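J.: What follows is the residue order along each chain.
Number of protein chains: 4
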Amino acid sequence: MRINPEQQAEIDSLRAEPRPSLRPSVAALEEILYQPLPVLDHGFVRVIDYMGDDAAVVQAARVSYGKGTKRVSEDRGLINYLIRHWHTTPFEMCEIKYHVKLPIFVARQWIRHRTANVNEYSARYSILDREFYIPEPEQLAVQSAQNRQGRGNVLAPDEARRVQDLLRADAEQVYGHYEDMLNEREDGSVIDPERDGLARELARMDLTLNFYTQWYWKTDLHNLMHFLNLRADAHAQFEIRAYADVMLDTLKRWVPITFDAFMNYRANGAQLSAAGLDVVRRMLAGETVEQAGSGLSAREWRELMATLGRD
Amino acid sequence: MRINPEQQAEIDSLRAEPRPSLRPSVAALEEILYQPLPVLDHGFVRVIDYMGDDAAVVQAARVSYGKGTKRVSEDRGLINYLIRHWHTTPFEMCEIKYHVKLPIFVARQWIRHRTANVNEYSARYSILDREFYIPEPEQLAVQSAQNRQGRGNVLAPDEARRVQDLLRADAEQVYGHYEDMLNEREDGSVIDPERDGLARELARMDLTLNFYTQWYWKTDLHNLMHFLNLRADAHAQFEIRAYADVMLDTLKRWVPITFDAFMNYRANGAQLSAAGLDVVRRMLAGETVEQAGSGLSAREWRELMATLGRD
Amino acid sequence: MRINPEQQAEIDSLRAEPRPSLRPSVAALEEILYQPLPVLDHGFVRVIDYMGDDAAVVQAARVSYGKGTKRVSEDRGLINYLIRHWHTTPFEMCEIKYHVKLPIFVARQWIRHRTANVNEYSARYSILDREFYIPEPEQLAVQSAQNRQGRGNVLAPDEARRVQDLLRADAEQVYGHYEDMLNEREDGSVIDPERDGLARELARMDLTLNFYTQWYWKTDLHNLMHFLNLRADAHAQFEIRAYADVMLDTLKRWVPITFDAFMNYRANGAQLSAAGLDVVRRMLAGETVEQAGSGLSAREWRELMATLGRD
Amino acid sequence: MRINPEQQAEIDSLRAEPRPSLRPSVAALEEILYQPLPVLDHGFVRVIDYMGDDAAVVQAARVSYGKGTKRVSEDRGLINYLIRHWHTTPFEMCEIKYHVKLPIFVARQWIRHRTANVNEYSARYSILDREFYIPEPEQLAVQSAQNRQGRGNVLAPDEARRVQDLLRADAEQVYGHYEDMLNEREDGSVIDPERDGLARELARMDLTLNFYTQWYWKTDLHNLMHFLNLRADAHAQFEIRAYADVMLDTLKRWVPITFDAFMNYRANGAQLSAAGLDVVRRMLAGETVEQAGSGLSAREWRELMATLGRD
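Protein chains in written order, with our numbering: chain H, 106 to 416; chain W, 106 to 416; chain A, 106 to 416; chain L, 106 to 416.
FYI, nobody ran anything at the bench for these hints, they're computed from the structure.
You may find that some hints are simply not true.
Note: identical chains are not told apart, hence a pair may lie in one copy or across any two.
To be verified - Straight-line C-alpha distance at most 16 Å; calculated EDC-like pairs for lysine to aspartate or glutamate:
hint, residue 1, residue 2
1, K357, E136
2, K172, D117
3, K175, E115
4, K357, E135
5, K172, E115
6, K175, E111
7, K357, E225
8, K357, E111
9, K172, E111
10, K175, D350
11, K175, D270
12, K172, E122
13, K172, D270
14, K357, D297
15, K175, E277
For clarity, every value in this text was computed on a predicted model and none was experimentally measured.
Isolated chain H (complex conformation) (with noise of 0.2 Å):
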């Protein structure tokens, strides 16, 4: 179970208790404020606070003692013109936590990003949910053939329901023997008085990584849009990306101007290098160029046609 009973009551307290504040507020965000997003199959996002919105962004960038800028359209101007021009610090005023449940594999990806603070639900101090994550099957595609880190076509169907039946199994099995080390079971009852439980912190390493862990995560606007920028590219693995992409749709309640800025200089956007640049202005002066003689790669002619719509 994604949520149960107890901690949605919990949550529903949180919602039923609007505080008066000076603070600047974002009615489409605090719709959603506590409420789980689920992702993955037992996994969620839940956004438990925030700090600033648009207009906070504009007063950064000003220094101002007010609210920043009068309209709307001024703030939209600038905005757009700092994310263009990369001056980073006047998002980095905006800060956002969120409370992820997620399968620890993608825990081990996601923390690599440093600048944002991290509380994790303590497997040395309590039992973990017998919850894991099973990938469906349009999910278990086998290893890409060009992209030595990726995924290429989907298995057979009785493949992977194949693969399915091993992770399940595995799973439930060290799940089992988890219990039995500690001799006490997830709802914390003892298996056998007369035993002693082993320690959790070493009990916890028999679990396999598809197991749920759970954290408290928050960072900045700037280190958000960065994160983001990363791991909701088609390059990064899909588990990372479910959670990326639910993040993605709290950033455009939370931020709608900066969010339109982000989709339009930063993940809809393109890097040239200096050798792709000098293709495309021969390109544009006329000029029939072929990778060879373009100063690229194959993979870099690649990648730049796909860039330019040409391939």
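Start from chain H and add chains W, A and L according to the hints.
T.: Then chains W, A and L, alone, in the frame of chain H:
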């Protein structure tokens, strides 16, 4: 003037708009939100925004779905435990944003704390105000003989007045030259329409280090306490301590339980070396210990005796 | 096998090529450079590179043109002073880079230290080795009753053997399934040429948390000491402490003066709270102080008495 | 004087002591190690130490036991790939340490780059030198009309001389007052033995922002390239660019393969927005595109045409 009427009107306008939010809110901090808290002769500290409260520390430590614990006494016990055992990440889950007006030489000390976000008023883009810091006579002290980076006795009144006059005359003179080179006055009016003004990014180099600058400065609760522990300390230069002291009061308003723990375990606590600890143990065992034979240098011995209240 | 012959040959080849350099060099550290220092059953720590030495700390503190000071005794005095007074930046001027092989659950604790640079072996790109950690019987302890995140007494020998067998059998089984899903063996050979293998980024999720991973980990001297202060401590989990203990020895080889200061002022020193300090002062004044009336909780009292060697 | 004879003797002494080491060493960088590379009228950049080389980037990307790859061409291919796809962590495995002498207003821009280690010469502890920056006439430009934070045309020769004279006279005057307040000359001699000098931490506030300071500055290769990408850029203020240009040459000496990739993919590359990319695609398809209807603002259009070499 610390704040002009137009700026005060902007602040009043922000304070006139309470908005409902589901986020935790702290009444004692809301009372002073946006208001300039005076520091030195022209400076101030304004709390611009904040995220979280004492309960948010507990909530993060527990990775909880709701508030964390039910009772304030439990929160206090857990927060004391966290601070005592250097569990820093739960305190990183709260964030605060200040607007600070401060002399440039203070800004240069402050900026060494790198785990914060900063947007400084740009003197490449804008003209700095005619505002500079002149120390009060009771702050004009001689170089300390013991502490090679501190102050000793206060100057004689005549000498203090002479120093103040020198500082003031120099600041007035360079500001006059600054306007002259810019060919523009503080209020933006042009001096001589027949000539061009020097670029702002160049003219500013003629200003002295006691001129005021401004910035937005945002940090998390853990790093704020680290900053205050170093800068509200007796070894810090008086001018930065003046800011830290005002911020210490905002800490108390914001997170009173964490504030108490900070004062007990950090600000008013002490660090003993292994050798110092050995001295204490021997003294408690009834032994008479002298510096010679203590394993401590003369200076360490003096510092230890001061810590133990035996000087 | 901790290191295979091919890897050892690569290491030997690196050690066979001394090169002249004008940079400071530390003979005691060069002795073990590149060599695997064994940790746990299959892990290791290798020092790959380093920058600076004790003199470089002094040199940075002085912002000097040459070496810093002329005499080792002056270096020692200054380094003691810097550590005692928490002047951390001069220690950030030295850097060290390790290659570490460690169980995944240890890697997950370690990575929380964010002020370091990390390159981890990619299981999206490569196949992990068939190597997993099985604790020795003397490490298989029960959950501690006092410390909710620690270990208590060691398991009875039979139970310990049973736990080892469970862990080993599970690890062997999931590794077999990992190869099966990949359709590829540890040595890269294909199992069944008629079928496709699952993508590596997916298959890895079936491995248990005691499998070994590897990374390059680089940090500065200040952050290394912070890491060691937390992880070579009795409260740290045994498995990460095993790594910290080996790294402590590399610290001693690298910067012996800083090492001494670290042991005296940090590792073997103690932090007293204001309330604890008050107790010490009253005891030194001859007063009999009890926990009741001390202002300390029962737990704090116990910790203080242990610090003072009175337990 | 940029470097006095005593300082030069210290540098010579460091350069006279080659030491054997098993670490990678870079001959082209060793050639200039410790030597002051002149910048502006009194400043310099000195490379003090470094860790790693191009091969170390490869080695870290592979988490290898030995050197990484066998052939330089493979190293180049991998480094190009890493830079192109924003794999930043392997570049964080190399580190460089500089000693820099620079005007205070330049130091204030520079310090915004927080992912570096800094030790600045302390004006609380020591007396600053009588050295200040006076721009050359060709650098004395008017405020730019287009770019609100940049420079336009150069001042007329007479006006340039007048500005230089003003700056020089002010700097000389405040330095005289600085010595007077300290009651101590630059060389440490006392002015009037009958009176006390003001504390150094106070007297320094009378100096203008063109006085030189010094620091040790250490960063990793990834962050160095980020710094150079922003500061060796045409939008950077000339005075900081002067430093970045000299450091760019040290980058070339240190890691020539990475340098080439940096120039191609970063320094001389370009970032296109989604809207800009759409314009390029339409132009390549033979369409005539005008700013009106391009989805770009006038300014963005101008920037895009400049990028495409069509201005």
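J.: All hints, please: hold or fail.
T.: These are the hints, each one checked on the structure:
no. : hint        : result
1   : K357 - E136 : within (13 Å within a copy, 31 Å between copies)
2   : K172 - D117 : between (32 Å within a copy, 11 Å between copies)
3   : K175 - E115 : between (39 Å within a copy, 11 Å between copies)
4   : K357 - E135 : within (13 Å within a copy, 28 Å between copies)
5   : K172 - E115 : between (35 Å within a copy, 8 Å between copies)
6   : K175 - E111 : between (45 Å within a copy, 14 Å between copies)
7   : K357 - E225 : neither (26 Å within a copy, 27 Å between copies)
8   : K357 - E111 : neither (30 Å within a copy, 33 Å between copies)
9   : K172 - E111 : between (41 Å within a copy, 13 Å between copies)
10  : K175 - D350 : neither (32 Å within a copy, 34 Å between copies)
11  : K175 - D270 : neither (60 Å within a copy, 42 Å between copies)
12  : K172 - E122 : between (27 Å within a copy, 12 Å between copies)
13  : K172 - D270 : neither (57 Å within a copy, 39 Å between copies)
14  : K357 - D297 : neither (52 Å within a copy, 47 Å between copies)
15  : K175 - E277 : neither (59 Å within a copy, 35 Å between copies)
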